[in-house]
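Number of protein chains: 2
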Amino acid sequence: MGVAFVKGHGTENDFVLLPDLDATLHLSAELVARLCDRRAGLGADGVLRVVRTADEPEARHLAAEAEWFMDYRNADGSAVEMCGNGIRVFARYLVEAGLTEPGELAIATRDGVKQVRVGASGDVTVDMGVARFPGPDDVKVTVDRRVWPAVAVDMGNPHAVVFLDELDEAGALLDAPLVDPTPPDGVNVEFVVRRGDAHVAMRVHERGVGETRSCGTGACAAMVASARRAAPDTPATYTVDVPGGRLTVSTREDGHVELTGPAVLVAVGEFAGDLLGSVG
Amino acid sequence: MGVAFVKGHGTENDFVLLPDLDATLHLSAELVARLCDRRAGLGADGVLRVVRTADEPEARHLAAEAEWFMDYRNADGSAVEMCGNGIRVFARYLVEAGLTEPGELAIATRDGVKQVRVGASGDVTVDMGVARFPGPDDVKVTVDRRVWPAVAVDMGNPHAVVFLDELDEAGALLDAPLVDPTPPDGVNVEFVVRRGDAHVAMRVHERGVGETRSCGTGACAAMVASARRAAPDTPATYTVDVPGGRLTVSTREDGHVELTGPAVLVAVGEFAGDLLGSVG
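Residue numbers (the numbering used here), protein chains in the order written: chain W, 1 to 280; chain G, 1 to 280.
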């Protein structure tokens, strides 16, 4: 007994947070997979270990900039750079646990230090960095022999954004869409429809995962591709509906993209010894 | 805050236990569905409310026979009579929480009082009652145009047991198998292969749910149909492998079927207020 957790989600992208403030947990890939198992474990898309930056060897060089390091692991145990939904839940936890004050906050990640804005309650905003349009201009996405043009967007990770009239045109999305050309490490695909002025809805197929309820960088990619069609180079704020909820994406004068959305803490508790084996 | 839970599973059939000893929780179908949501809630196949039989109006008439009532709800919120995996987890919780002593234990359910045998640790055994073979003798199960003969078994709920050479003969089981004749309230279908003497493996398609990792009554139905083929009317003990683990099923001289298997408590905690709304 004794390993504490918090369960939370952002637009139904869900996480097990492990407060490990002084970096004493040994978190093997196998243990992460066991915790994230949705039937034999607690269940989540990934684990967010909460650790003091100065105490974590891999993040210590960022300790002057950010007190807390988000050690994000996918449900399969692999280490991940950054997650736009996860970092909102991480920030909400820091405030709820009294580990930081509400306001502007810097959080260290494997993708560097991220700036987050978190109130005493409600939505959380994260600076997702600068979006780029790396091209080429003739990207094609194919699903079930239907072919659409797509916009390539780089949000630190690669996206292909397809505009549709109806979200169900993309079908069941049981298989990964074919993207030509495909970036070397694969690509996430967003299917986007217009819902109104500065309002879109999307579905997302994440590389290596499948269709998901939400994807933070995907929502940003969908927004910047939509905003470029409507009014290039003009800062704007969009509502982006994803299957798991509603996000807000803004572009600033300096080109940075801000992602705003819910961060909900669902439960707090401790794992039972049987599940954990040896974690110390 | 303040509503406690325990998460547990039996052969990966998983449950949120709600200790509500004095029957003060108001557990609406909508709240059950929210708790069982695997992304926005804690996630489970169902909820097991733990309540003193004498304090629960619907179970009070059983208070002389069993101190504790298992109020089982499916993930959609509907009330369920009985669950062979759930009652093992329920019994393990009673012992771990110090609410009962290890040993022979009577637990009240909507299907009457069940007898359970639970040690200080390890597997839990439950008396699943008498199996019946209601017929007819010419039941047919069809999957993807393949047709097999099946044995109708009644374990309090209806089953059709199909014997195969290989479990993957039944295909992906994305749709419900066609059963002719189908009992009025539908039927669970077990696909069973022989693994050795008194050892079978099975897959199960549960009515209204789809293929699952385990089904307690399904394991019993698979065993009694297998044992009748091998040695009719002789008490026997079988190992029954399900996708989520291993169960043991025995038939006794008096015709009762006993189900034995793991009951694992994974985590303990409290729900956060946001998820609960008003439950008092």
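What the hints contain is simulated information worked out from the structure, not anything from laboratory work. Errors might be hidden in some of the hints.
Stated by the list, open to error - So these bits of chain G aren't anywhere near chain W, every CB distance computed over 12 Å:
#1 7
#2 9
#3 61
#4 96
#5 101
#6 213
#7 272
To be verified - Each pair of labels, with its calculated beta carbon distance range:
#8 230/W x 174/G: 51 to 59 Å
#9 195/G x 78/W: 50 to 58 Å
#10 57/G x 243/W: 55 to 63 Å
#11 26/W x 98/G: 25 to 33 Å
#12 172/G x 60/W: 36 to 44 Å
#13 173/G x 78/W: 28 to 36 Å
Computed from a predicted model, the values in this text were never measured in an experiment. By construction, the Cβ of each residue, glycine as well, lies at the ideal position given by its N, Cα and C atoms.
> Measuring from beta carbon to beta carbon, are residue 172/G and residue 60/W in 36 to 44 Å?
Replying inline: Violated, at about 49 Å.
> Has the hinted range 50 to 58 Å been met by the Cβ atoms of residue 195/G and residue 78/W?
Replying inline: This hint is violated: roughly 34 Å between Cβ atoms.
> Honestly, do residue 173/G and residue 78/W meet the 28 to 36 Å range at C-beta?
Replying inline: holds, 30 Å
>> Over 12 Å from every CB of chain W: does residue 101/G meet that, or does the non-interface label fail?
In response: Holds, since 20 Å exceeds 12 Å.
> Beyond 12 Å from every Cβ of chain W: is that where the Cβ of residue 272/G lies?
Replying inline: violated, 5 Å
>> The output says residue 96/G does not contact chain W. Does that hold with a beta carbon cutoff of 12 Å?
In response: violated, 9 Å
> For residue 9/G, is the shortest beta carbon distance to chain W beyond 12 Å?
Replying inline: The claim is violated: residue 9/G sits with its nearest Cβ about 6 Å from chain W, within 12 Å.
>> According to the definition I'm using, a residue is off the interface if its beta carbon is farther than 12 Å from all beta carbons of the partner; does residue 7/G meet that for chain W?
In response: Not fine: 6 Å to the nearest Cβ puts residue 7/G too close to chain W.
> Would the least Cβ to Cβ distance between residue 213/G and chain W come out above 12 Å?
Replying inline: Not fine: 6 Å to the nearest Cβ puts residue 213/G too close to chain W.
> Do the beta carbons of residue 26/W and residue 98/G sit within 25 to 33 Å of each other?
Replying inline: holds, 32 Å
> Does the Cβ-Cβ separation between residue 230/W and residue 174/G fall within 51 to 59 Å?
Replying inline: violated, 40 Å
> Against chain W, does residue 61/G keep a CB gap of more than 12 Å to every residue?
Replying inline: holds, 34 Å
In this structure, the earlier hints numbered 1, 2, 4, 6, 7, 8, 9, 10, 12 are contradicted, and the remaining ones agree with it.
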